[in-house]
Amino acid sequence: MTIVPALDLFVAGIVLIVAVWTVAARDTMSAVVGFVAYGLLLALVWVRLGAPDVALTEAAIGSGLAGALLIGAATRLRAGEPSVSTERLGGAGRVLAMTLSAVVAAAVAVVLLSLPDPAPSLASEAAANAGVTSLGNPVTNVLMAFRAMDTMLEKVVLLLALLGVWSMARDHAWGGRPRSCRRADPEGPLVLLARVLPPVGVVLGISVLWVSADHPGGAFQGATILAAMWLLVLMAGLGDVPAAGGRRLRLVLVAGPAVFLTVGLGGLALGAAFLSYPPAWAKPVILVIEFAMVLTVATTLGLLVAGPPERSAER
Amino acid sequence: MSETIVFGLCAAVVIGLGLYGAIVDPRPLRKILAFNLLGSGVFLVFGVVARRGAAAGFPGDPVPQALVITGIVVAFSATALALALLLRYFDATGSTTLHEGVAEDAGPDSTEP
Chain A
1 MTIVPALDLF
11 VAGIVLIVAV
21 WTVAARDTMS
31 AVVGFVAYGL
41 LLALVWVRLG
51 APDVALTEAA
61 IGSGLAGALL
71 IGAATRLRAG
81 EPSVSTERLG
91 GAGRVLAMTL
101 SAVVAAAVAV
111 VLLSLPDPAP
121 SLASEAAANA
131 GVTSLGNPVT
141 NVLMAFRAMD
151 TMLEKVVLLL
161 ALLGVWSMAR
171 DHAWGGRPRS
181 CRRADPEGPL
191 VLLARVLPPV
201 GVVLGISVLW
211 VSADHPGGAF
221 QGATILAAMW
231 LLVLMAGLGD
241 VPAAGGRRLR
251 LVLVAGPAVF
261 LTVGLGGLAL
271 GAAFLSYPPA
281 WAKPVILVIE
291 FAMVLTVATT
301 LGLLVAGPPE
311 RSAER
Chain B
1 MSETIVFGLC
11 AAVVIGLGLY
21 GAIVDPRPLR
31 KILAFNLLGS
41 GVFLVFGVVA
51 RRGAAAGFPG
61 DPVPQALVIT
71 GIVVAFSATA
81 LALALLLRYF
91 DATGSTTLHE
101 GVAEDAGPDS
111 TEP
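Note that the protein sequences, when read in sequence, are chains A and B.
Here the first sequence stands for residues 1 to 315, where the numbers follow full-length UniProt numbering.
Here the second sequence stands for residues 1 to 113, where the numbers follow full-length UniProt numbering.
The following block holds chain A by itself, in its conformation from the complex (with noise of 0.2 Å):
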């Protein structure tokens, strides 16, 4: 039983020591790869606290999709880098900023030794009603059920920051494509692990979706190894990203929150209230808004990867 709080311990400072680093490291790129390592990392954490879904999504999202991300936008700034050192902050300021941090994470760490026992808990709850729409995961009920204005808002989140970004857009590439990738060596290893890995990542992504009914999952997670296939695709430059200005793009876009809407209004004007299930349909509803979101959350997480469109729409 001894070796378990050991590696906690273990895990937390190996967690710790990668967060150092992803802030004081001098090089940027090194920095953003030690945030990656630290997402990775993190994810054990998460698993530790009892959330695999959460360390799914921490894995996919905080640390692969963030991660592309971040060394893509490092890479491009690379040529603007060494002029900044100078204008660093002075001593006095760092040991005030250093004491303003160190205050903060001390009374965080005091409120956290001091949380009342036995915790508050809405666990008994989400159990007492698992049953009205027969997912044996938690975790996929509150985000699909209990809480499924959370999770239609977020979509809209995403849609909006996808909408934030395109209109980083010249005037001459709007509605266009992104900046297309280098043209990868066709008989190259990234050419031949995208023709080979994206059946299976695709088979991967449609079944986390569909076991998150009853085991760690979701339609984040499924959306994200879906994005990433199709990034995959992209990068190896086998297919195009679509113009931004397209319809049929704009109709996926817009189908998972639509989707979500239809149904969340359909339950104002027969069941209950805006968003409630009829209690017979619960688990085939769900499904439905689920598969129209991945295809959303998946296209809409590949284009903010993707950036603002830099191209116009012609090839």
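Since the hints were derived computationally from the structure, they do not count as laboratory data.
Built from N, CA and C at the ideal position, the CB exists for glycine as well.
Accuracy of the hints is not assured; some may be wrong.
Stated by the list, open to error - Partial pick of chain A residues on the chain B-facing surface, computed with a CB cut under 7 Å:
{"no.": "1", "residue": "19"}
{"no.": "2", "residue": "40"}
{"no.": "3", "residue": "77"}
{"no.": "4", "residue": "80"}
{"no.": "5", "residue": "102"}
{"no.": "6", "residue": "142"}
{"no.": "7", "residue": "143"}
{"no.": "8", "residue": "161"}
{"no.": "9", "residue": "165"}
{"no.": "10", "residue": "220"}
{"no.": "11", "residue": "304"}
With chain A fixed as given, assemble chain B onto it according to the hints.
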């Protein structure tokens, strides 16, 4: 339940580190990184609270866990938007700092991530 103490303290230190990095480092990309670090520390606090609320046979309270999943996706969206803004700024000015060239119309406040 020792893991809630270990990872709770870990979360506190990560929050402090992220705050320090966001204040001290002048480079916007490093501020975005530090801000993400800070955010993940806050998510860990949720995780610890969820773990303490383990009941009814669940390893943790599913409500804060679901909130964290939503939070991670929203944090990713915000990061993507911030990076797009930064890259566009770099394309327009050729600089990775917010100080040069904008000194007349923007004070030091503009270094906020």
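Structure-based check of each hint:
1. 19: holds (5 Å)
2. 40: violated (12 Å)
3. 77: Result: holds, 5 Å to nearest chain B Cβ.
4. 80: Holds. Min distance 4 Å.
5. 102: Status holds, d = 6 Å.
6. 142: holds (4 Å)
7. 143: holds (5 Å)
8. 161: holds (4 Å)
9. 165: holds (4 Å)
10. 220: holds (6 Å)
11. 304: holds (4 Å)
Figure legend: structure checked against the earlier numbered hints; the only hint not met is number 2.
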